[in-house]
Amino acid sequence: MRPDLFGDVTVFSIGPLPITRTVVTTLVLSATLAVLGRLTARAVVRRPAGRLAATARLTFGFLEDLVQQTAGSSSLVLTSFAGTLFLFIAASAIAGQLPGVEAPTVKLPATAALAASVFLAVPIAGIAKRGVWGYLREYFRPNPLLFPLHLVSEVSRTLALALRLFGNMMSGSLVVGLAVALVGLLVPIPLMALDLGIGLLQAYIFAVLACVYVGAAIRVGEEER
Amino acid sequence: MTDQAVLMLASIVTAGLTMGLGAVGAALAESRIGAAGMDALARQPDEAAGITRNQFVALAMIESTAIFCLVIALVLLFANPFITT
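For the protein sequence lines, the chains are P and G, in the order given.
The first sequence begins at 1 in our numbering and counts up one residue at a time.
The second sequence begins at 1001 in our numbering and counts up one residue at a time.
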């Protein structure tokens, strides 16, 4: 028995471009989240006292708090970015519990894409806040000798971000799969609950780390003043 | 034993060792984080939210080392580039 942990199932292909199962679940999940976001946004405007509106406000307050406390300052762009990451990873952890659905974060390419978005967001935020020169100067501080180390840390933390999420989610689904194969009834339930809890925690941690990395790129300039 | 058999044997033994030794370090470090978190909570119960948040982030960072070991062990077992089946 060799489970295919690192590959993916191709559902269909458009020309030479294979569309894997991860892509399909990612798109469906994104569409669901977008529709839910529209609905809650409309509920906030139309029925501010309703349950949906309260959910939306609580969620946004939670995300804003997270950004405020980890990045130091709250900005709508950063809140949307980290909030999107959190909601997507949490939603994929929840969706992974559905029968027949595999969470997209179980596959390495999906988590690598999420980590790459953080990797790209850091210089974009830094340049938007402090200008190209101001951002690039940070790499030569406190000493130009540290420039290679800065580069290595940039790459290695992105790698760690991708591998951490992938490892946690994949090990969870692997353990649940093993338990189902061995016992089948009732025994896997605590493991499934653990998998769900770990998935939500990892979503939180991913969002926090994204905030920390982006916040560090934004904030460095404020310390020297 | 053929070369492939030796490779498989080595991969399986190494995967077990990787996971076991990797888990030791992470477990020791996480126990220290848990103890320190309890200590801080007992001293300052008002700061419970912040302490718990930072504790979870630290736990996840430490745990990622064990997770890297797990990924390497699984690569050795299921996606070993040197074993041809």
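Please keep in mind that the hints were generated in silico from the structure rather than gathered at the bench.
Hints are not guaranteed to be accurate.
[To be verified] Chain G residues, not near chain P, derived (Cβ > 12 Å throughout): (1) V1006; (2) V1013; (3) T1014; (4) A1027; (5) L1028; (6) R1032; (7) A1035; (8) A1040; (9) A1042; (10) R1043; (11) A1049; (12) A1058; (13) A1066; (14) L1077; (15) F1082.
[What the hints assert, rightly or not] Okay, the calculated bits of chain P under chain G, using three or more residues with CB under 8 Å as the criterion: (16) 94–100; (17) 199–205.
Every value quoted in this text rests on a predicted model; they were computed, and no experiment measured them.
In this text, a Cβ means the ideal position worked out from N, Cα and C, and glycines have one as well.
L1077(G) remote from chain P - nearest C-beta pair above 12 Å: L1077(G) is in fact no farther than 12 Å from some Cβ atom of chain P, at 9 Å.
Whether A1027(G) stays farther than 12 Å from all C-beta atoms of chain P, as the label says: holds, 15 Å
Nearest-CB test (12 Å) between chain P and A1042(G): A1042(G) clear of chain P: closest Cβ-Cβ about 22 Å, beyond 12 Å.
Annotated coverage of the segment 94–100 of chain P by chain G, confirmed only when three residues or more have a Cβ within 8 Å: Three-residue rule not met by the segment 94–100 of chain P, so violated; n is 0.
Exclusion check [A1040(G) not at the chain P interface, CB over 12 Å]: It holds; A1040(G) is separated from chain P by about 16 Å at its closest Cβ, greater than 12 Å.
Nearest-CB test (12 Å) between chain P and A1066(G): violated, 9 Å
Separation of V1006(G) from chain P, once the least beta-carbon distance is taken, above 12 Å: At about 19 Å from chain P, V1006(G) clears the 12 Å cut-off, so the statement holds.
12 Å cut-off, C-beta based - V1013(G) kept clear of every residue in chain P: holds, 18 Å
Given as non-interface: A1058(G), which should sit over 12 Å from chain P by C-beta: With a cut-off of 12 Å, A1058(G) comes too close to chain P, as the shortest Cβ separation is near 10 Å.
Chain P versus T1014(G) - minimum CB to CB distance exceeding 12 Å, so not interface: holds, 17 Å
Beyond 12 Å from each Cβ of chain P, as asserted for A1035(G): holds, 20 Å
Assertion that R1032(G) lies farther than 12 Å from chain P (Cβ): At about 19 Å from chain P, R1032(G) clears the 12 Å cut-off, so the statement holds.
Figure legend: structure checked against the earlier numbered hints; hints not met, in rising order: 11, 12, 13, 14 and 16.
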